[in-house]
Amino acid sequence: MPARTMTVDTGEELRSFVEGLVESGNYKTNSEVVREGLRLLQEKQAHSKLETLRQLIEEGESSGEAVKWDMNSFLTTAKMKAQNG
1 MPARTMTVDT GEELRSFVEG LVESGNYKTN SEVVREGLRL LQEKQAHSKL
51 ETLRQLIEEG ESSGEAVKWD MNSFLTTAKM KAQNG
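Just so we're aligned, residue 1 is where the sequence shown starts under my numbering, counting upward by one.
If you are wondering where the hints come from, they were derived from the structure by calculation, not from laboratory data.
Take these hints with a grain of salt, some might be off.
[Unchecked claim] What follows is a list of derived Cβ distance ranges for each label pair:
| no. | residue 1 | residue 2 | range |
| --- | --- | --- | --- |
| 1 | R39 | E13 | 17 to 23 Å |
| 2 | V8 | I57 | 46 to 52 Å |
| 3 | R15 | L41 | 16 to 22 Å |
| 4 | E58 | V34 | 32 to 38 Å |
[Stated by the list, open to error] With a cut-off of at most 27 Å between alpha-carbon atoms, the simulated DSSO-like pairs for lysine-lysine come out as follows:
| no. | residue 1 | residue 2 |
| --- | --- | --- |
| 5 | K81 | K68 |
| 6 | K68 | K79 |
| 7 | K28 | K44 |
Note that beta-carbon positions come from the ideal geometry of N, C-alpha and C, so glycine has one too.
Turn these sequences into a full structure, and let the hints steer you where they fit.
Now the structure itself:
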């Protein structure tokens, strides 16, 4: 995908930080710094989603043993309860 220009207002503090990273020689351009920051943000979000999934799996595993569930029986029971109040 071809690169597209995006204008971002960073404020003076972040502008100085980005320029300092470029001047240090760690990055060639301001764009490289911003891309690296965005990649790190993507990784952080992916890690957060993965951690949430791990917690949900652990919750499910610790909730007890799985039991067989029959949808037809469930629906029949639910209909009977609804009719009988």
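Hint-by-hint comparison with the structure:
1. R39 x E13: 17 to 23 Å: holds (21 Å)
2. V8 x I57: 46 to 52 Å: violated (38 Å)
3. R15 x L41: 16 to 22 Å: holds (18 Å)
4. E58 x V34: 32 to 38 Å: holds (36 Å)
5. K81 x K68: holds (21 Å)
6. K68 x K79: holds (20 Å)
7. K28 x K44: holds (24 Å)
Of the numbered hints given earlier, the model fails hint 2 alone.
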